[in-house]
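Novice: Between the sequences and the hints, there should be enough to build the whole structure, so can you do that?
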Amino acid sequence: MSSFDPYTQNITILVSPSSPPISIPIPVIDAFNDETASIITNYAAQLGAALAMLLVLLAATPTARLLRADGPSLLHALALLVCVVRTVLLIYFFLTPFSHFYQVWTGDFSQVPAWNYRASIAGTVLSTLLTVVTDAALVNQAWTMVSLFAPRTKRAVCVLSLLITLLAISFRVAYTVIQCEGIAELAAPRQYAWLIRATLIFNICSIAWFCALFNSKLVAHLVTNRGVLPSRRAMSPMEVLIMANGILMIVPVVFAILEWHHFINFEAGSLTPTSIAIILPLSSLAAQRIANTSSSYSYQQNNHNHHHHPSSSSSSSAAARYKASSRHSSSRHPLNPKTGSLFSTTTCNSTTTTTSSSSAAAAAAAQRTHSVDHASTIPSAAQHPARGGAARGSDVLDPIELELRQIDGYAQPREILTQQGQGEQFHE
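The numbering of the sequence shown is UniProt numbering, which starts it at 1 and goes up by one.
Hints in this document: simulated from the structure, not taken from any laboratory. A virtual CB, placed ideally from N, CA and C, is assigned to each residue, including glycine. Heads up, a few of these hints could be off.
Ranges between beta-carbon positions, derived for each pair [unchecked claim]:
1) Ala212 / Gly107: 42 to 48 Å
2) Val254 / Ile26: 34 to 40 Å
3) Ile22 / Thr63: 42 to 48 Å
4) His262 / Phe101: 20 to 26 Å
5) His262 / Ser110: 45 to 51 Å
6) Tyr7 / Asn265: 26 to 32 Å
7) Asp34 / Ala59: 33 to 39 Å
8) Arg190 / Ala45: 51 to 57 Å
Specialist: Printed below as a string of structure tokens:
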């Protein structure tokens with residue numbers, strides 16, 4: 001007589017007096033419960049991370065910058081908000097009759113209310129909406145770096161990025177349609193298995209493309225300089241933004257690849273868009289923090305120089321302020337192979353190149369004005385209204401402000417070039 005093992009016995013469910021009973025082994029039930037617990041834990045972690053990042057973004061971003069339609073902050077906040085609502089609906093699925101014991105093991109969902117179906121469909125649709133918003137945020141963030149490229153390279157990269165993004169979104173929308181039909185009919189769309197695989201492939205390609213785009217300059221610099229990077233204090237906000245995006249975007253790529261395989265106690269599909277929604281505002285906040293720190297340091301240096309040179313004119317003070325700030329910001333060529341910069345000096349519309357030349361012109365103008373003022377042969381800016389206007393006009397050349405404008409996406413390189421060109425002519 002074989003020994004009895006109570007842990008492997010079957011649980012019998014009676015469906016109806018005329019139907020045969022259903023026997024379910026206890027290990028199968030335990031495996032199902034373990035997978036359900038792991039998925040709920042995964043969703044809870046996503047909900048907490050997205051909610052925390054949303055609160056940080058709202059608290060750390062000024063209202064004017066957050067509500068600007070052409071800036072990335074609004075897209076980031078929208079992505080996090082959609083992620084929070086979507087994750088709540090995904091968690092709520094496990095509190096509906098769809099996850100109750102009898103319905104799961106007998107397949108009888110006749111007593112499930114209709115609004116539970118609508119909640120499941122809404123969660124599926126919001127997952128696609130989150131993918132669309134995160135792709136739009138990726139395109140917006142990529143434009144910050146691509147706008148510094150040469151015109152031909154910029155056009156080619158933009159066309160290729162839009163093509164990959166539109167293909168990924170199109171397949172995702174088609175997959176959502178058949179998934180919603182499957183939920184409404186309680187039938188798995190097995191005949192569309194090819195569409196599901198195509199959706200995953202284009203999703204991986206889209207995320208990997210943006211990851212490669214963010215890391216292109218960084219990898220080129222590491223290869224050229226044999227792994228040498230500038231120090232933390234020597235990096236500008238734009239460099240921090242690109243490096244953070246490039247390094248952190250590896251995480252969504254890993255999740256997207258893991259989504260191709262099915263793991264019993266790990267669900268990677270929902271982690272891919274959530275990680276993007278969290279990573280993009282995190283890198284932007286880090287860049288803005290670096291910019292604010294550099295601006296504060298420059299302000300302290302300006303006050304120090306002002307107290308030691310009380311007789312200097314306002315034009316000299318403005319030029320000194322610009323010179324001090326440019327030493328700690330984008331006047332350097334970011335991660336260039338020759339100067340430790342991310343962007344090549346040959347880029348015709350690079351803001352860093354023009355800012356460097358503007359810094360030299362401003363410094364020369366300041367030196368001439370300072371020497372003449374001490375000789376007492378030309379009135380100071382306080383006595384000459386036109387010269388005072390020139391001093392105030394030079395504030396537009398602040399490289400910290402240009403970095404933040406480029407990060408926010410509301411000042412394009414051509415506009416910056418125009419402003420800087422006017423500033424150079426004015427100083428001359």
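Novice: Each hint needs a verdict: does it hold in this structure or not?
Specialist: Results of checking the hints against the structure:
1. Ala212 / Gly107: 42 to 48 Å: Holds - the Cβ-Cβ distance for alanine 212 and glycine 107, about 45 Å, lies within 42 to 48 Å.
2. Val254 / Ile26: 34 to 40 Å: 35 Å, holds
3. Ile22 / Thr63: 42 to 48 Å: 58 Å, violated
4. His262 / Phe101: 20 to 26 Å: Given about 23 Å between the Cβ atoms, the range holds.
5. His262 / Ser110: 45 to 51 Å: Roughly 29 Å apart at Cβ, these two residues miss the hinted range, so it is violated.
6. Tyr7 / Asn265: 26 to 32 Å: 19 Å, violated
7. Asp34 / Ala59: 33 to 39 Å: Holds, since aspartate 34 and alanine 59 (Cβ atoms, about 38 Å apart) stay within the stated range.
8. Arg190 / Ala45: 51 to 57 Å: Violated, at about 31 Å.
Of the numbered hints listed earlier, those contradicted by the structure are 3, 5, 6 and 8.
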